[in-house]
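K.L.:
With chain Z fixed as given, assemble chain W onto it according to the hints.
Spelled out, the chains give:
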Amino acid sequence: MDLTRRQVAADGARKGERSTRTGPGTGPVVGEPGRGPGKGRGGEVGAAVRAARRRGSVVRLCLMAVPVAFFAVFFAYPVVAIVGRGLKADGSWHWGRFGDVLSRPDIGQVLWFTTWQAAVSTALTLLIALPGAYVFARFDFPGKQILRAVVTVPFVLPTVVVGTAFLALLGRGGFLDELWGVRADTTVWAILLAHVFFNYAVVVRTVGGLWAQLDPRQEEAARVLGAGRLAAWWRVTLPALGPAVAAAALMVFLFTFTSFGIVQILGGPAYSTLEVEIYRQTARLLDLPTAAVLTMVQFAAVGAILALHAWTVRRRETTLKLVDPAQTVRRPHGAGQWVLLAGVLGTVLLLILLPLGVLIERSLDGPAGYGFDYYQALRSVEASGGTFLVPPLEAVWNSLRYALTATVIALVVGGLAAAALTRRAGRLVRGFDALLMLPLGVSAVTVGFGFLITLDKPPLDLRASWILVPLAQALVGVPFVVRIMLPVLRAVDGRLREAAAVLGASPLRAWREVDLPMVRRAVLVAAGFAFAVSLGEFGATVFIARPDRPTLPVAVARLLGRPGDLNYGQAMALSTVLMVVCAVSLLVLERIRTDRSGEF
Amino acid sequence: MALLTLEDVTVRFGHRTALEAVDLEIAAHEIVCVLGPSGSGKSTLLRVVAGLQPPDTGRVLLEGTDQAGVPVHRRGVGLMFQDHQLFPQRDVGGNVAFGLRMRGEPRGQQQRRVAELLDLVGLPGAQGRAVAALSGGEQQRVALARALAPRPRLLMLDEPLGQLDRSLRERLVVELRGVFTQLGTTVLAVTHDQGEAFALADRVVVMRDGRVAQSGTPVEVWQRPASAFVARFLGFDNVVAATVRGDIADTPWGKVPVPAGSPQGRRTLLVRPAGVRLGPPEEGLRCTVGARTFRGSHVAVLLRPTDGPEMEAECALRHVPDEGATVGVSFAAEDVVVLEEREPANADEGAAPTGGRAD
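Chains as they are written, first to last, in this note's numbering: chain Z, 1 to 600; chain W, 1 to 359.
So that you can see chain Z by itself, here it is in the shape it has in the complex (with noise of 0.2 Å):
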């Protein structure tokens, strides 16, 4: 699927786990609590014991009944159908495919391209985004936390809006070609930069979140014992930030490698990634069996790269005595430090900021001088010359109204999915951990084109309903939500509960009491997320969306694809739009959100 934010959140908000964990109360109690009491004496008491144990697994499997249900319905099943649709023939399995599909040369190109950027896309965005991870993390300055919210906002934008931005920057009649008649899109150039523009927030959120809580006393303690400045962060810090870095990597490989929105617009016809070339073969090819082969070949990878990040993430947790980020930040002092401070400013100003203002000077920049003639053809069905049957402006209202209702199914689905997973036993509840992060290894296209041929009869005719595309963005949210709300539930003390049932409440009333003020704030943090991730979610939606109703980024994209400067300017204005709803959203969330030590 189109992985952005939602591995990262899950990445975020395991760190928030760690870091709202309270010393060593959280620890396991003897014994576990709210079984209940027993009855009687001797063997009757163990029976009303089990008893009551058995009514806890029961409970957990009402809880994940829902869920469950709606992942084998909406996600397993149409991706199996669309798999065996193109592997299966009169009957019969062809696992040849994979060898016919694979051995191409062409798609060898895809495989290879996409295995390569993605290395290079990583690689880079530490180079540029380490520096920047420090800076946030230690230095004190004026404007740090509007920077900060500034930084994010790519990362939280729809990938078209990010495409479109660049091709603003770097395309034909962009802005430097304007300027110094510059062009670098359709050259690899334009995919990489975007990458780094999209991705420099995970790296400095996940590893910059990690450094501003490292002890300085551990480097000080290094120093006192001889160490120099340099040999004390190399054998200290480094190797202390090693794993949280890592993982930023990791995260950034996966994005990257599923890269869909981005290079659809800026690779041209030279560069395909393998969800790119997975849409090419299902939409303009036909071509199911390889299309198939695709997909199986990505799900592979991205688990494969999901298992190594959940190890790394795991070493991290394990190993690290962190403080309160509050006491390590100071002024920049020294010239050296003013100068990173500096460049690292600049590198924001260049990557991050200027990208998105050339979007909104070329929506502004119409035929007839600067102007907000482009918003008001957004207006009328008659300027789009065709493309759209209602108005593009309506596609903010179709996207609004998706995007809250895929909001809502995905904290329904992921809030039981969550609640269910609270308690940590059993490998039936982890197999169930692992069900709700599959989705991310898929590829969205799959599902999208899949939700067409498996949702059209009866029971499920959901074809001509607009609810078909809620649904495939709550799929993207749901793993999202878990994820956010999971460590949260988990932080939660047992023992609190135990001191409000002490103090008279009933297990329902302690959950009210304790557990919802706590969890309050996560949920609207996670329906946030869910929000923003459905309204920029494109690979799907472009399957589904019908062209009455079309999304913001469906809109954009078939805007973009299409001659002429006022599909250009309205594409522009467009994903101004879309990237003024996502900012505000991302504002909403950085006030609510006050705990800066959880990533996301």
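By construction, these hints were calculated from the structure, which means they are not laboratory data.
Some hints could be false.
Distance windows between CB atoms, simulated [to be verified]:
hint, chain 1, residue 1, chain 2, residue 2, range
1, Z, Ala-231, W, Gly-128, 42 to 52 Å
2, Z, Ala-231, W, Ala-133, 53 to 63 Å
3, Z, Thr-115, W, Gly-128, 53 to 63 Å
4, W, Ser-135, Z, Pro-142, 33 to 43 Å
5, Z, Trp-234, W, Ser-135, 38 to 48 Å
6, Z, Pro-216, W, Gly-76, 48 to 58 Å
7, Z, Ala-231, W, Trp-222, 40 to 50 Å
8, W, Gly-128, Z, Arg-509, 53 to 63 Å
9, Z, Arg-509, W, Asp-66, 22 to 32 Å
10, Z, Pro-216, W, Ala-133, 18 to 28 Å
On the chain W side, residues computed to face chain Z include the following (Cβ under 10 Å) [stated by the list, open to error]:
hint, residue
11, Val-72
12, Gly-76
13, Phe-87
Just some of the chain W residues that point at chain Z, by a computed CB distance under 8 Å [to be verified]:
hint, residue
14, His-73
15, Val-77
16, Gln-89
17, Gly-99
18, Gln-182
Just so it is clear, CB atoms sit at the ideal spot from N, CA and C, and this is done for glycine as well.
P.N.:
Chain W in isolation, oriented as in the chain Z frame:
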């Protein structure tokens, strides 16, 4: 009728037995302190009474009523947790009023009661303060006020002063006893600190490995420990095997006089450091003086006899012998206790009490 009765209560966690056949009775208005090393099952005892931990066998009765099947929130007992467990999202007033709200008391009454209790614990007017801004001692007081507010018929305290520094602890324990006596609260507290237990309790229950090792008033337990384990847990190290005949015990240190009427036969003998008298080397048991530890009012002197285990003596500051000197030791019968326990103590048993062994 006893307020709390435990009958034959056993709790197992897998192969580990946390409580084994524990019987305990607490009368109304009594303050009972359960004393034992960590892992001896003290906290589990409280959790069983609160209903947070169902017993595997046995019964818990409150005012004569079997509590099996009564959920935690209907038992009407209070529990002050070891690490307080104040609700972080509520202020001090909200925490103290919590139990009253659960009982649906009118708001005005709640507020009066909260103010009354904050006065009682020495934090008048603290209602609006954030819990996170409180010091350890203040949190302790708020936790106490919260537990007391709904007027529980039994108040349980889990290591009530465990996390505080020494001087604060010593002051608070006196205050606590004052508060409980004033209110007539029935209290069941657990602690690993004997000083705390003796200062707080009407009655002390010493636990070991999930069993009750001894129960009695602080003075009784202090003067007549029931076993070598209890003696060592209370800090007495001069514990040896002995054979008692009449008023003389035969020990590795030679003949030791015992009080008249002591139990006879193979026993364990406790000699309080105060009962070890130092004299010239030619009289009594010859010992070499080892490490000396200043204890404020006296000095603890470690003595190495030519034969038998080391022993500790208590010396007045003026009479402390030099390290390495040779002295003669005699014993004063009034500071010798023949323990009821029949089997001689194993030399290292109880020296470093470790509880919670598998059964």
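K.L.:
Hint by hint, which ones does this structure get wrong, listed from lowest number up?
P.N.:
Structure breaks hints 2, 7, 8, 18.
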